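Just add 372 to wherever you are in the sequence shown, counting from 1, and you've got the numbering used here.
Derived from the structure by calculation, the hints contain no laboratory data. Bear in mind the structure is a predicted one, so any value in this text is a computation, not a measurement. A couple of the hints might just be wrong.
[To be verified] Computed list of lysine to aspartate or glutamate pairs in EDC-like fashion (alpha-carbon distance at most 20 Å, straight line):
hint : residue 1 : residue 2
1    : LYS483    : GLU463
2    : LYS442    : GLU460
3    : LYS438    : GLU404
4    : LYS431    : GLU460
5    : LYS431    : GLU463
6    : LYS464    : ASP477
7    : LYS442    : GLU404
8    : LYS431    : ASP477
9    : LYS442    : ASP477
10   : LYS438    : GLU454
11   : LYS442    : GLU479
12   : LYS438    : GLU463
13   : LYS476    : GLU463
14   : LYS438    : GLU460
15   : LYS483    : GLU454
16   : LYS476    : GLU460
17   : LYS438    : GLU479
18   : LYS464    : GLU454
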Amino acid sequence: IDISNQQSYRPKTSESILQMHAYSSSNALIVERTKSHPHEAHILNPTGSTILHALARNKAPLYVVKTVYKANPRAIGICNFEGNTPLEEAEKHHAPRLVINFLKDPERYLKLGAA
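Make a model of the complete structure from these sequences and hints.
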């Protein structure tokens, strides 16, 4: 195994328009951008965070988190460069309780129709 290029073990990082919306735009724009460009939910920013991390950190409402989760369910288990998952970011930054509960078991919420 060639370990000289550690970048090959992580997706390419960049700041997507969706990530920028998470910090400066309305929730409606985030949902709209996620639906029109779902591939952007897979991009890591320079700190190794997904859009799901950013939304958890910024205390986004559940409907926004759910929309982004559906675009990239695997993001739920990605640790950023600080070692935190989106759930850990949500707990650390005191996200709404519904968001924290959703991030603990999103499939359960989706099956129940509670999200």
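We went through each hint and held it up to the structure:
1. About 23 Å separates the Cα atoms of LYS483 and GLU463, which puts this hinted pair outside 20 Å; it is violated.
2. Under the criterion of a C-alpha separation no larger than 20 Å, the hint pairing LYS442 with GLU460 is consistent with the structure, at around 19 Å.
3. The straight-line distance between the Cα atoms of LYS438 and GLU404 is roughly 13 Å, inside the 20 Å bound, and the hint therefore holds.
4. Taking the CA atoms of LYS431 and GLU460, the gap is near 12 Å; set against the 20 Å cutoff, the hint holds.
5. For the proposed pair LYS431 and GLU463, the alpha carbon gap of about 10 Å is at most 20 Å, so the pair holds.
6. With a CA separation close to 18 Å, the supplied pair LYS464 and ASP477 stays within the 20 Å bound.
7. Restraint check for LYS442 and GLU404: satisfied, since their Cα atoms lie roughly 13 Å apart, inside the 20 Å limit.
8. About 18 Å separates the Cα atoms of LYS431 and ASP477, which keeps this hinted pair within 20 Å; it holds.
9. Taking the CA atoms of LYS442 and ASP477, the gap is near 13 Å; set against the 20 Å cutoff, the hint holds.
10. For the given pair, LYS438 sits about 23 Å from GLU454 by alpha-carbon distance, which is inconsistent with the 20 Å threshold.
11. Between LYS442 and GLU479 the CA atoms are separated by roughly 10 Å; this keeps the pair inside 20 Å, and the hint holds.
12. For the proposed pair LYS438 and GLU463, the alpha carbon gap of about 17 Å is at most 20 Å, so the pair holds.
13. Using a Cα cut-off of 20 Å, the hinted pair LYS476 and GLU463 holds, with the two alpha carbons roughly 10 Å apart.
14. For the suggested pair LYS438 and GLU460, the alpha carbons sit about 16 Å apart, so the restraint of at most 20 Å is met.
15. In summary, the hint linking LYS483 to GLU454 is not supported, as the alpha carbons are separated by about 31 Å, beyond the 20 Å threshold.
16. Pair hint LYS476 plus GLU460 holds up; C-alpha atoms about 10 Å apart against a cutoff of 20 Å.
17. The suggested pairing of LYS438 with GLU479 holds, with an alpha-carbon distance near 10 Å, which does not exceed 20 Å.
18. A hinted pair counts as satisfied when its Cα atoms are at most 20 Å apart, and LYS464 with GLU454 qualifies at roughly 12 Å.
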